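K.L.:
Residues per chain, in single letters:
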Amino acid sequence: MFDLLVLLIPLFPLLAVLANGFYGSRYSHEWAGRLAFGSVGLSFLCTLGVFASVLSNPEPREVLAWSWIFGGDLSINLAFLIDPLTTVMLLVVTGVGFLIHVYSVGYMHGEEGFTRFFTYMNLFMVSMLLLVMGSNYVVMFIGWEGVGLCSYLLIGYYYEKVSAGKAATKAFVVNRIGDAGFLIAVFLIFAHFGSLDYSTVLTQASSLSTEMATAITICLLIGAFGKSAQLPLYTWLPDAMEGPTPVSALIHAATMVTAGVYMVVRNHVLFDMAPIALTTVGIIGGLTALFAATIGLVQNDIKRVLAYSTVSQLGYMFLACGVGAYTAAIFHLVTHAFFKALLFLSAGAVIHSLHHEQDIRKMGGLYKKIPITHAVFLIGTLAIAGIPPLAGFWSKDEIMAHAFVHGYYHLYILAAIGAFLTSFYMFRLTYLTFYGQSRVEPHVAKHIHESPPIMTVPLMILAGLAVVGGFLGVPPEHGWFHSFLHDVATPVGAAPHAVDMSTLLGLMGAAVSIALAGWGLAHYMYSVRPQMANEWAEKSPQAYTTLLNKYYVDEFYDRVIVEPFKKLGMLWDWVDRHIIDRFVNGIGKGTDISAEAITWTEKHVIYAGLNVVGYGNHLLAWSWRKLQSGMVHHYAAILIIGLAVLIHLVVLWFTGSSIAGSSGY
Amino acid sequence: MTEMVVPSEGIPWLTLILILPLLGVVATLLAHESLSRHIALATSLITFVASLPLWFVFDNGNAGMQFVEKHQWIDSPAIHYALGVDGISMPLVLLTTFLAPLCILVSWTAIDIRLKEFFISLLVLETATIGVFVALDFVLFYIFWETMLIPMYLLIGVWGGPNRVYAAIKFFLYTLAGSILLLVAILVLYFEGGRTFDILALTQASYAPGLQALLFWAFFAAFAVKVPMFPFHTWLPDAHVQAPTAGSVILASVLLKLGTYGFLRFSLPMLPDASVAYTPIIMTLSVIAIIYGAYMALAQSDIKKLIAYSSVSHMGFVTLGIFAFNAQGIEGAVLQMINHGITTGALFMCVGIIYERTHSREISENGGLANAMPQYATFLVIFALSSVGLPGMNSFVGEFLVLVGVFAWDKLTATLAALGIILAAVYILYLVQRIVYGPASPKMLPKLTDLNAREFGMLVPLVVLVFWIGLYPKPFLDVMHASVERVVTAQSGSVIVQHDFSVNEPILVMTEDIAHAGSIQASEATP
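Protein sequence lines correspond, in order, to chains P and Z.
91 is the number of the first residue of the first sequence in the working numbering; add one for each residue after it.
21 is the number of the first residue of the second sequence in the working numbering; add one for each residue after it.
Keep in mind the hints are simulated off the structure, nothing from the lab.
Given the structure is predicted, the values throughout are model-derived calculations rather than measurements.
Virtual Cβ for every residue (Gly too), placed ideally from N, Cα, C.
Residues on chain Z that point at chain P, a partial pick, calculated with CB under 8 Å:
| # | residue |
| --- | --- |
| 1 | E351 |
| 2 | N391 |
| 3 | F420 |
| 4 | F427 |
| 5 | Y492 |
With these hints in hand, go ahead and build the complete structure from the sequences.
P.N.:
Written as structure tokens, this is what we have:
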């Protein structure tokens with residue numbers, strides 16, 4: 091029963107993919123949509139069943155589908171591992187995924203590629219489920235690449251837009267860089283353990299040397315940083331906003347981009363043995379959290395602000411891993427899934443009601459016209475900014491407190507500044523979108539409408555989760571969430587760390603003050619003195635344009651990596667045509683330098699020979715440049731003569747020698 | 021280990037498969053020209069059906085030759101009509117018979133001159149190619165090997181593009197140059213291996229290290245050109261670009277495999293010491309091919325050329341796997357030979373389909389296909405992703421096995437090769453981005469009609485295989501398992517040498533032993 095439930099989880103969306111993919115054109119959009127969200131809903135129900143079973147028996151259990159790849163001593167099964175960590179991920183993926191699917195039915199209503207959209211979305215669900223359920227690295231890798239593929243297909247959903255095609259390619263290629271790192275880690279693991287199953291690798295991890303553990307984990311990290319858009323591989327995520335908004339919510343906020351965090355936590359036993367890797371995770375996470383937040387300060391596209399915010403929040407999760415707070419990382423992953431999906435979907439509702447306007451400079455004063463959207467967006471903002479008692483406060487505070495208490499003060503400072511900026515840019519976004527004077531273009535303003543219930547109901551559920559989701563982890567470090575994940579996410583060799591209550595309360599107080607300060611500044615700049623932002627921008631234009639242009643990182647990559655890369659390709663193309671090919675064309679004649687000498691030989695020696703065969707005068711007249719088709723005669727003649735001579739020699743040599751040998755007897 | 025070549029009982033399936041296309045040739049000759057394509061299609065379909073028993077009757081547990089047929093052909097020197105397949109050649113035979121009907125379908129309307137000659141060439145090519153894979157006598161092998169050249173030369177030279185003559189000649193000369201050394205090597209083997217052309221007997225014999233080295237490079241010349249390995253690859257883009265679609269498909273899917281098959285069938289088992297000794301060179305060339313081919317693909321503006329260079333890159337994985345000398349590497353390599361045949365063949369078909377409509381293979385002139393030809397675009401994207409090596413699709417399984425195998429040989433080599441998969445994503449997706457996305461050019465738009473039933477029908481079986489091998493490769497791996505295992509064990513003696521490479525003396529002793537054994541065997545065989 092348990093095995094069946096587990097297998098059904100990815101099977102339902104897979105069936106929907108097949109049905110919609112092959113037969114979607116034969117029935118109405120309505121049915122395609124029902125099939126899509128219905129299948130994910132069924133997966134969610136199965137997940138609840140699995141969850142209930144895991145609650146009573148948290149021991150890891152494996153479920154085999156079939157034997158997949160084997161050769162020599164390598165054997166890889168398509169098999170699933172169910173433990174508390176997987177269960178948490180399953181609940182998030184199917185639960186939030188279900189809500190987003192329902193919402194999408196409303197959001198995508200009337201789109202031409204409706205069925206295609208849901209086929210890809212369901213395929214994404216299948217891949218993401220494989221990623222979190224796989225019982226070995228290769229099944230995880232199928233999911234890992236599969237989600238990348240669906241991300242690629244969905245970013246490029248509006249295929250007639252050239253920018254969408256470019257963004258899709260960029261996402262896939264940058265991810266592939268990470269994937270190569272992942273693959274190399276997989277090979278290293280196989281070379282060392284002779285197995286790729288978690289059950290073997292993670293239990294025998296202590297046999298690793300520190301160097302080997304470091305090599306493996308650094309390679310895994312390259313994969314994680316690509317998938318989860320961390321420095322320096324984050325640039326694809328903001329561009330990924332070319333896709334429809336539900337895609338941004340599902341793939342580029344709630345689930346896929348968190349795969350890197352899941353992977354680190356899944357392998358934390360290896361990371362615990364590699365201090366260098368852990369330090370790297372923490373620092374990259376902290377820097378990304380801050381770096382992306384600064385870019386988010388000045389962006390004018392509602393989705394891009396949220397995209398940079400996602401990059402930044404993922405940074406917090408990695409920071410948590412880096413300080414050994416794996417449970418906190420997963421906790422923040424869960425709460426982030428709630429509030430970021432909420433923010434993206436409500437941003438989608440805004441865009442939907444404004445006829446695809448995404449520029450916040452053309453919004454403002456919307457709270458009266460779309461009150462439900464406004465309310466849920468505000469809840470999302472409060473949650474991400476870290477205002478208690480909403481979800482984001484608890485998870486973010488736990489990460490920062492853990493960093494502080496364990497002496498990672500530099501990371502704490504990065505996180506604290508990041509938290510202030512987060513609060514500021516999120517409230518800036520809220521103010522510019524929903525309050526103040528309306529800057530909506532008149533022809534759009536007439537048609538502003540609240541979204542239909544199929545969109546607002548999922549929003550309200552997510553808003554509810556964003557409000558109460560944090561209580562899963564209360565009290566900090568000792569909540570239900572922590573005891574549930576205790577066996578799978580506790581750092582190896584971590585001693586119980588007694589911290590006095592006053593420190594924790596003090597840190598909480600600091601976190602709240604930081605969040606409120608960001609809110610206050612945003613309120614002052616965008617509500618009390620709305621002209622202030624422009625004044626600042628004018629006062630320091632350089633800083634402003636640098637941020638607006640995202641530190642010119644894309645331009646830098648273009649100039650330093652992409653362009654030279656293309657040029658090198660062209661250079662090699664030239665080498666191929668002009669050097670290797672010329673060499674080839676010149677084999678009969680030697681190289682350029684000796685061409686003349688050879689030509690002479692040809693005229694006077696070979697030609698003399700060929701003349702007998704009857705090739706005549708015209709051969710003589712062909713200079714070697716014009717030889718392209720004429721070469722056949724030369725080559726063929728030389729080859730055949732050579733062949734005859736060679737064969738003759740071989741036969742003579744062997745028959746001669748063996749005759750000599752036999753006569754010797 | 022003595023190889024018993026006992027002819028199998030019952031229907032001579034291999035002879036049947038070899039003869040059927042030739043019967044088709046006769047029928048085509050006799051019939052009216054307008055019937056050529058129907059006869060060819062029927063013939064190739066019957067041949068495919070006739071080859072299916074190989075798959076179903078094949079004994080996976082048997083590492084040796086099966087379906088063996090042996091008849092004396094020439095008394096002195098003893099030359100036999102000897103055929104047989106093992107787990108390495110059987111899938112390649114099936115690949116050939118499977119692709120032949122598709123090649124005929126893809127030429128259905130694309131070829132409109134000299135129909136008879138065209139389909140005759142295709143059928144002769146089919147027989148010759150199968151012959152290479154099933155021949156167990158070196159003379160027979162060489163006859164098929166050389167016969168193959170002629171129809172291919174004609175396919176490019178007669179039905180090719182504007183620069184077809186140059187391409188055909190380049191193809192011909194490159195391959196011929198390799199073949200000559202192959203012939204010399206065969207003769208040397210005949211004299212040194214006990215005066216026999218029996219491939220299995222020659223495999224059992226041992227050869228002195230110095231001789232092994234010479235033979236290795238002679239084989240290398242023939243096989244490296246066919247693969248093609250860097251830097252012997254420059255005939256390939258020209259041949260592909262100029263060849264008609266069916267020619268490109270056969271060339272990429274089957275002919276390139278003859279090179280890697282040669283390494284696997286001859287170089288490794290017959291010349292184990294030389295193979296081990298020169299492995300670093302082959303590995304280096306393979307890695308260069310992977311990265312260089314990918315780079316070259318990126319720089320192309322012609323779709324066909326791009327895919328041709330991608331072949332160079334993908335075949336690099338195959339040679340890499342073969343010379344890893346372990347089960348994973350070789351199994352991956354054999355599977356990758358099949359995968360490359362399916363995926364690259366399919367990509368060339370896709371190019372052919374679009375070329376038939378727009379008469380352009382320029383990437384810049386073909387755009388917006390997703391909008392204009394949604395079905396076509398779907399197929400193209402599936403094959404493109406298969407080429408990229410996406411898990412769940414065929415190439416991933418092969419590449420993964422190869423990389424695992426190579427990783428055991430040398431970590432750096434495997435790492436560099438793994439970086440090649442990034443490049444694969446770059447050039448293929450960059451291609452897809454430019455021809456699938458965006459708006460179609462107004463000039464081309466009216467020509468862009470979506471797939472017809474014939475085109476749809478010929479791509480579907482390829483898609484099925486892409487996913488079948490990707491998701492459930494077990495039947496394919498089971499088939500090759502025993503035979504690959506045997507190649508690996510045959511190598512193990514030399515692999516020990518490789519491990520003790522720092523210790524010089526034992527090797528000398530050992531190789532001298534081998535040399536001694538070889539000469540004894542040779543003189544014993546001398547009457």
